[in-house]
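Trainee: Next come the chains, spelled out residue by residue.
2 protein chains.
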Amino acid sequence: MWTPGQRLFVALLALMLITQVSPAAYAAKAASEYRLSNGLTLIVVPDNRAPVVTHMLYIRAGSADEPPGTSGIAHFLEHLMFKSTEKLANGEFSAIVSRLGGQQNAFTTSDYTAYFQRVSKDHLGKMMEMEADRMVNLRLEPKEVDTERQVIIEERRVRTENVPSSILGEQMSAALYQNHPYRVPVIGWMHEMAKLTREDALTFYKRFYAPNNAIVVVAGDVEPEAVKTLAEATYGKLPPNPAVAARVRPQEPEQRAPRRVELRDARAGNASVRRYYLAPAMTTAQPREAEALYLLMKIAAGGGTSRLYQSLVAKEKIASSAGGWYSGLNLDSGTIGIYAVAAEDVPLDRVEQAIDRVVHELRENGATQAELDRAKKQFLAEFVYESDSQEAMARRYGSALALGLTVEQIDSWPETIAKVTLADLKQAAIKYLDIRSSVTGTLVPVNPDPENLIAAPAPETTVPAAPATAGRPSRVAQ
Amino acid sequence: MWTPGQRLFVALLALMLITQVSPAAYAAKAASEYRLSNGLTLIVVPDNRAPVVTHMLYIRAGSADEPPGTSGIAHFLEHLMFKSTEKLANGEFSAIVSRLGGQQNAFTTSDYTAYFQRVSKDHLGKMMEMEADRMVNLRLEPKEVDTERQVIIEERRVRTENVPSSILGEQMSAALYQNHPYRVPVIGWMHEMAKLTREDALTFYKRFYAPNNAIVVVAGDVEPEAVKTLAEATYGKLPPNPAVAARVRPQEPEQRAPRRVELRDARAGNASVRRYYLAPAMTTAQPREAEALYLLMKIAAGGGTSRLYQSLVAKEKIASSAGGWYSGLNLDSGTIGIYAVAAEDVPLDRVEQAIDRVVHELRENGATQAELDRAKKQFLAEFVYESDSQEAMARRYGSALALGLTVEQIDSWPETIAKVTLADLKQAAIKYLDIRSSVTGTLVPVNPDPENLIAAPAPETTVPAAPATAGRPSRVAQ
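Quick mapping for you: the protein sequence lines, in order, are chains A and B.
479 is the number that the working numbering gives the last residue of the first sequence; the numbers go up by one with no jumps.
479 is the number that the working numbering gives the last residue of the second sequence; the numbers go up by one with no jumps.
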């Protein structure tokens with residue numbers, strides 16, 4: 002049997018496939034927003050299909066807020082938040098959630114850190130009590146810190162060091178961002194992770210973990226006012242930190258020259274090529290620009306009907322997979338990504354040239370009305386589909402608010418998407434698919450012996466020469 | 002008529018051209034080192050050929066010590082040091098030096114900032130008095146700050162924005178350093194320079210400008226003890242800053258993948274290619290490594306007798322100029338550089354392949370004894386030649402001490418150079434001419450319209466495809 006929410010979802014999906022959807026249809030589950038007197042933001046999203054709640058805490062602090070030289074501390078602290086507090090023993094937080102039959106997780110991004118529990122609705126108060134406790138009462142015992150440092154190092158080993166495509170992604174981000182801390186991997190550089198101290202964690206904790214730097218999202222079978230009362234009885238008792246301020250990070254200079262990163266790794270599968278372009282974030286884009294980029298990248302590279310897939314995989318058969326995306330939910334800047342995996346025995350150059358043709362064509366002639374209409378429908382379908390997931394809804398509001406967006410902006414997003422024109426798409430393509438603000442990465446399955454990394458010496462030949470000079474660069478300013 | 006110093010120089014030069022030189026010969030002009038009670042380091046280098054002195058102040062603070070987001074503040078402050086103090090009006094410092102018939106200058110690097118005057122010896126006391134004054138009494142009037150900001154912006158415009166090879170160098174440094182602040186140009190990124198404030202300058206000044214963070218070098222016709230007395234009467238009266246500490250900056254992660262930067266600029270001359278490799282600094286290198294790198298790069302690319310020049314310019318005639326260097330006088334890491342300018346109508350690929358052949362050959366087979374002997378002689382000749390310049394001697398000691406090297410290390414450098422073996426050279430070549438820790442830059446004279454920057458679409462063809470996957474990168478750590 003379907004719940005009312007599921008019925009609504011299916012009804013909307015059906016509607017959308019036939020006709021233009023009325024944007025008002027998405028505001029069905031209205032989110033309530035509160036601000037406690039200590040500055041904490043509370044969002045409640047009713048979802049009465051089952052007697053469960055999703056409780057999320059967002060802290061407005063991520064890896065891009067780390068002091069230089071302490072990369073990984075935001076993520077390390079996320080791990081340490083499960084250690085002992087004044088009230089709970091090491092590991093007790095997780096044990097209680099499990100005992101109550103709940104699920105939990107946590108994650109760190111460049112811009113925020115989030116903690117998550119899904120429990121039956123009568124345990125919401127307990128979750129809030131425990132989450133409020135560890136927001137200010139973390140003990141950070143030296144032994145806990147030392148043990149957990151080994152865990153994050155192992156995590157990096159498994160997720161990054163052992164995955165050539167992850168290494169390439171890191172190297173590409175480091176080349177894409179010339180000045181902004183987004184260049185630094187969220188998990189941290191290994192040599193810096195190994196030196197992270199209790200003091201580094203404590204400094205980060207005291208600076209960012211405070212109710213006036215937090216957003217709590219509760220989605221589920223709850224009444225907003227009742228949740229507010231619970232929040233006031235738990236989070237509401239915490240003192241605000243007067244030192245919390247808007248985050249100001251170094252911004253990118255004008256980007257002038259395309260970059261390339263060439264990773265050779267014996268563990269790589271088929272050769273692949275990837276490109277990142279610097280793009281605006283939702284928060285920094287001009288009106289409709291971010292929305293145009295979402296649609297543009299759907300048309301260009303989103304899934305099997307996209308131009309990239311159709312051209313490289315279906316038609317030319319030079320790639321075994323291909324795709325792309327725009328990611329705009331960041332504080333300072335977004336990214337456009339495109340990738341393709343070369344088919345057996347196809348030179349990577351050919352694959353890259355094919356990507357360039359797709360990009361070139363979009364910059365030159367834009368998209369068609371049929372493509373735009375289909376992309377909008379796809380976008381709306383995904384938005385509605387996602388709205389059916391309690392956790393996804395909690396994440397949507399939590400992450401948006403952590404970045405400075407408003408509930409209204411999120412709720413009206415389908416309307417904004419609906420307004421995007423072909424001219425918006427073409428302008429976005431010309432402005433942001435600009436090779437000068439891009440990095441192209443290649444991953445080739447070759448033994449990483451340095452000798453294999455140098456271009457094979459070509460035979461010598463002779464041509465006439467003309468005199469000229471080239472200056473020696475210097476790091477000196479008079 | 003020759004002065005005794007000139008005679009010594011010529012004698013040494015002659016000696017050197019005939020036979021192995023006794024290293025002891027270079028210690029002729031012994032430098033005296035003092036430490037004042039407030040922590041200031043004083044170096045006196047006697048040079049009695051003429052009644053003049055070179056007076057230099059080194060502050061252990063450069064662009065790599067700038068708070069993120071305030072790039073250019075070290076250099077901006079260097080400019081502002083010529084503005085008003087409690088005792089001198091705006092511009093009076095320079096006016097007095099000129100009136101006394103002196104010369105002066107100042108410069109900023111990644112690691113230190115230096116101020117320089119050359120005056121007749123009876124004015125040394127006055128220079129010390131004025132330099133000590135502005136070390137602590139700078140007023141930084143808002144109007145002076147605003148005016149001078151325009152000057153540094155104009156300086157960047159002239160020296161960087163208008164010089165494509167400078168832009169390329171900046172872009173390459175930003176790609177070479179993935180984590181270290183050496184990535185940021187000394188003069189600053191334009192968008193950050195435009196926002197530098199009086200408070201930024203004041204914060205940097207108060208943090209770094211103090212006698213216990215300073216080195217004073219006096220070279221010239223002086224008695225060390227007399228200079229010490231003068232220094233105590235001027236600099237000696239300044240209070241130390243207890244907050245001065247050793248500089249700890251973010252270090253580079255393991256470098257894994259070669260990078261490329263491709264700048265197209267209508268103002269470029271002939272196409273050129275450049276490569277930077279990450280290398281150790283004098284201060285971080287293993288014993289004899291830095292010295293081996295100096296000699297290796299002399300053999301590889303230093304001047305008309307080098308392998309690079311002989312191969313690309315003299316023999317193959319594919320380049321109109323070519324050269325290279327190792328730069329190790331930095332606090333945290335050094336750089337190896339190689340460049341070549343393509344001869345008329347020679348494709349840049351061919352020039353780069355020729356560079357790769359020279360590098361490959363050195364890694365594979367090392368240098369010859371004859372090359373090593375000649376490089377040592379060249380190095381010693383330059384060392385001795387430089388020792389003849391009062392200003393160069395002052396700079397040599399000042400910069401070395403600003404980086405944490407000792408007078409003894411500098412004086413014994415020729416001895417260390419003499420000890421370098423062919424095995425040292427080969428080991429340095431294998432270890433540091435490693436493409437994985439390099440960036441290759443190309444500068445091509447093409448109209449910078451974005452359309453010209455995208456690879457020309459190649460014709461489509463068809464080959465069979467095989468299924469595979471490629472992951473989407475994410476900046477999320479669970």
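Simulated from the structure, these hints should not be mistaken for laboratory data.
Heads up, some of the hints might be wrong.
Any copy, or any two copies together, can satisfy a pair, since identical chains are not distinguished.
Listed next, the in silico DMTMM-like pairs over lysine to aspartate or glutamate satisfying Cα-Cα at most 20 Å (straight line) [stated by the list, open to error]:
id : residue 1 : residue 2
1  : Lys144    : Glu162
2  : Lys122    : Glu362
3  : Lys144    : Glu409
4  : Lys238    : Asp346
5  : Lys144    : Asp201
6  : Lys238    : Asp266
7  : Lys144    : Glu200
8  : Lys420    : Glu155
9  : Lys229    : Glu263
10 : Lys127    : Glu145
11 : Lys196    : Glu253
12 : Lys420    : Glu345
13 : Lys420    : Glu145
14 : Lys316    : Glu345
15 : Lys238    : Glu392
16 : Lys144    : Glu345
17 : Lys196    : Asp346
18 : Lys229    : Glu93
19 : Lys196    : Glu365
20 : Lys229    : Asp350
21 : Lys196    : Glu383
Trainee: Against this structure, judge whether each hint is valid.
Mentor: Now for the hints, and whether the structure bears them out:
For the identical chains of this complex, Lys144 and Glu162 are neighbours neither inside a copy (26 Å) nor across copies (53 Å), given an alpha-carbon limit of 20 Å. With identical chains, the CA atoms of Lys122 and Glu362 are never at most 20 Å apart, being 52 Å at best within one copy and 71 Å at best between copies. In the homo-oligomer, the alpha carbons of Lys144 and Glu409 never lie at most 20 Å apart, since the shortest distance is 45 Å inside one protomer and 44 Å across protomers. Proximity of Lys238 and Asp346 under a CA criterion of 20 Å is satisfied in neither setting, with 64 Å inside one chain copy and 75 Å between copies.
Proximity of Lys144 to Asp201 under the C-alpha cut-off of 20 Å is restricted to the intra-copy arrangement: shortest distance 15 Å within a copy versus 40 Å between copies. Taking the shortest Cα distances, Lys238 and Asp266 never come within 20 Å of each other, neither inside one copy (53 Å) nor across copies (60 Å). In this assembly of identical chains, the alpha carbons of Lys144 and Glu200 lie at most 20 Å apart only when taken from the same copy (13 Å versus 41 Å across copies). Taking identical chains as interchangeable, the C-alpha atoms of Lys420 and Glu155 are never at most 20 Å apart, the minima being 47 Å within one chain and 43 Å between chains.
Within a single copy, Lys229 and Glu263 get their C-alpha atoms no closer than 53 Å, and across copies no closer than 56 Å, so neither meets the 20 Å cut-off. Taking CA atoms no more than 20 Å apart as the test, Lys127 paired with Glu145 passes in neither setting, with 24 Å inside one copy and 59 Å between copies. Proximity of Lys196 to Glu253 under the C-alpha cut-off of 20 Å is restricted to the inter-copy arrangement: shortest distance 14 Å between copies versus 28 Å within a copy. With identical chains, the CA atoms of Lys420 and Glu345 are never at most 20 Å apart, being 42 Å at best within one copy and 53 Å at best between copies.
In this assembly of identical chains, the alpha carbons of Lys420 and Glu145 never lie at most 20 Å apart, being 52 Å within a copy and 50 Å across copies at closest. Taking the shortest alpha-carbon separations for Lys316 and Glu345, only the intra-copy value of 15 Å comes in at or below 20 Å, while the best inter-copy value is 41 Å. For a Cα distance limit of 20 Å, the shortest separation of Lys238 from Glu392 qualifies neither inside one copy, at 26 Å, nor across copies, at 66 Å. When the C-alpha separation of Lys144 and Glu345 is checked against a cutoff of 20 Å, the pair qualifies neither within a copy, at 51 Å, nor between copies, at 66 Å.
When the C-alpha separation of Lys196 and Asp346 is checked against a cutoff of 20 Å, the pair qualifies neither within a copy, at 44 Å, nor between copies, at 52 Å. Taking the closest pair of Cα atoms, Lys229 and Glu93 never come within 20 Å of each other, the shortest separation being 26 Å inside a single copy and 66 Å across copies. Taking identical chains as interchangeable, the C-alpha atoms of Lys196 and Glu365 are never at most 20 Å apart, the minima being 50 Å within one chain and 37 Å between chains. Proximity of Lys229 to Asp350 under the C-alpha cut-off of 20 Å is found in neither arrangement, the shortest distances being 58 Å within a copy and 66 Å between copies.
Neither within a single protomer nor between protomers do Lys196 and Glu383 lie at most 20 Å apart by alpha-carbon distance, with minima of 42 Å and 42 Å respectively.
Of the numbered hints listed earlier, those contradicted by the structure are 1, 2, 3, 4, 6, 8, 9, 10, 12, 13, 15, 16, 17, 18, 19, 20 and 21.
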